[in-house]
Amino acid sequence: MLGESASRAGELQVAVDVESLYRRYGPMVLRRCRKMLVDPQLAQDAMQDVFVQIVRRQETLDDHASSSLLYTTATNVCLNRMRTARRKPSDPDTDLMSRIASATKEDERGEARSLLARLFSREPGSTATIAVLHLCDGLTLEETAEEVGMSVSGVRKRLRKLRAKLHAMGDAA
Amino acid sequence: MSDSVPDLLVEKLALGELTDAEAKAVRRRLGTETEARLEALAASDAEILEALPPSELADDVARGVRRAEARDAPATTSPSWTPWLATGGVVVAAVLLWSFTQPTASTDPGSNEDRAALDTHADADPAPSKLAMATPQGSGGDDDAIRFKGGTKLKVFRQGASGGERLSASSKVAEGDRLQVEYAAGDAQAGVIVSIDGAGSVTLHFPETEAGSPSLRGQARLPYGYELDAAPAFERFFFVTTRSEDLSVSDVMNAARRLASTDEARDGELRVPDGATQRSLLLIK
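Chains as they are written, first to last, in my numbering: chain A, 1 to 173; chain B, 1 to 285.
Mixed in with the good hints, there may be bad ones.
Unchecked claim - So the derived label-pair ranges between C-beta atoms look like this:
| no. | chain 1 | residue 1 | chain 2 | residue 2 | range |
| --- | --- | --- | --- | --- | --- |
| 1 | A | L166 | B | E50 | 37 to 47 Å |
| 2 | A | K161 | B | R63 | 36 to 46 Å |
| 3 | A | S153 | B | A70 | 20 to 30 Å |
| 4 | A | S151 | B | A25 | 19 to 29 Å |
Everything labelled a hint here was simulated from the structure, so no lab data went into it. The C-beta atom is built at its ideal place from N, Cα and C for all residues, glycine as well.
Start from the sequences and build out the full structure, keeping to the hints where you can.
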């Protein structure tokens, strides 16, 4: 699967066998994108972007341990698409924050959207990924740290800062 | 009970990418639902692969890679907006171009003249200057900008109902305006394009994600357009570049977030990494 210059994408002189990679991980990536973006077409487009990024980066992939890379890449791609969509209020169907909010408490979607927008607006992008993995997906601190390639203390620090910010926002409200 | 098991762990279990101990722990958490969850994933796998076969996906990805590479390839002939108009199939109403000589640099040893230029940001002074627009609206072309040292340029196109409009520093923009960004690397090897607005929000334009590569390739149009939201007061773009490949996207984003949270967001400077230079453009709302 890896380091090969084969398959249909071989025309691009890439080292990744896209067909094999997709056959093994594509469904997982698409499910991830669907969960975050909801819209099936947006999710499929995002999934394609994930593989395009992998091919372009010429990632060195482990034959049996690439799920983390693809899952995290999918999360980042979806977050970025949501961030872009957030700048397009005329297109609420692609609003990232409403997606995240609707995945938590439907009846508080509007309030949650506003809160999340303010909460994450000045944080590193990786903090959003950490928050999604830990708070939305339910990964433990250790599992989250492993997925994002950070130390547990680093992840804990990011989340602690986020919680403090959230409390401060609550106090100010 | 099994609802508390993260999807990723179940995915990894199905893929056989957990250690024996991890797999055992996940199976224990899933309890009696283990087989049902795994069977559901297998069924979903089959459905997805049938709906979008690997060969089709590979073709789509190959096209996506080619598009991305073509998009990032240096332009060799006409001004960048010309092929954009031709291939994009859209009417571009405005072209914004700004090109600075040696703008704000944390450590870049610019000349005194350059340093003076740093103190008069194009976005703080709408009057034409060596830091501001290279050409008046509607006249000239991108070639006018190459006289600037380094050749690094950033262009923003605004889509409108008719014709082209070239915006300048401090141009008026409004909610709903659709902007598209294009850059010319000049002598820069890496760059990050980010914007902040009057609401304190930060948007990364290039690369696509903080994990993405900031490597610049000649002249390129970014794949996404942006529709301005209702954020008040201003929208300010930054183009942070280095002459080496060593540029942290996260560092630039963090600098933008810090600046966006201060009262100096409108006219302050980013605390960019050592060796980086920054250019900024202010659009007024």
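Each hint tested on the structure:
Checking the proposed 37 to 47 Å range against L166(A) and E50(B) shows it holds: the Cβ atoms sit about 43 Å from each other. About 41 Å separates the C-beta atoms of K161(A) and R63(B), a value consistent with the hinted range of 36 to 46 Å. At about 44 Å, the CB distance of S153(A) to A70(B) disagrees with the hint of 20 to 30 Å. In this structure the supplied range 19 to 29 Å holds for S151(A) paired with A25(B), their Cβ-Cβ distance being about 22 Å.
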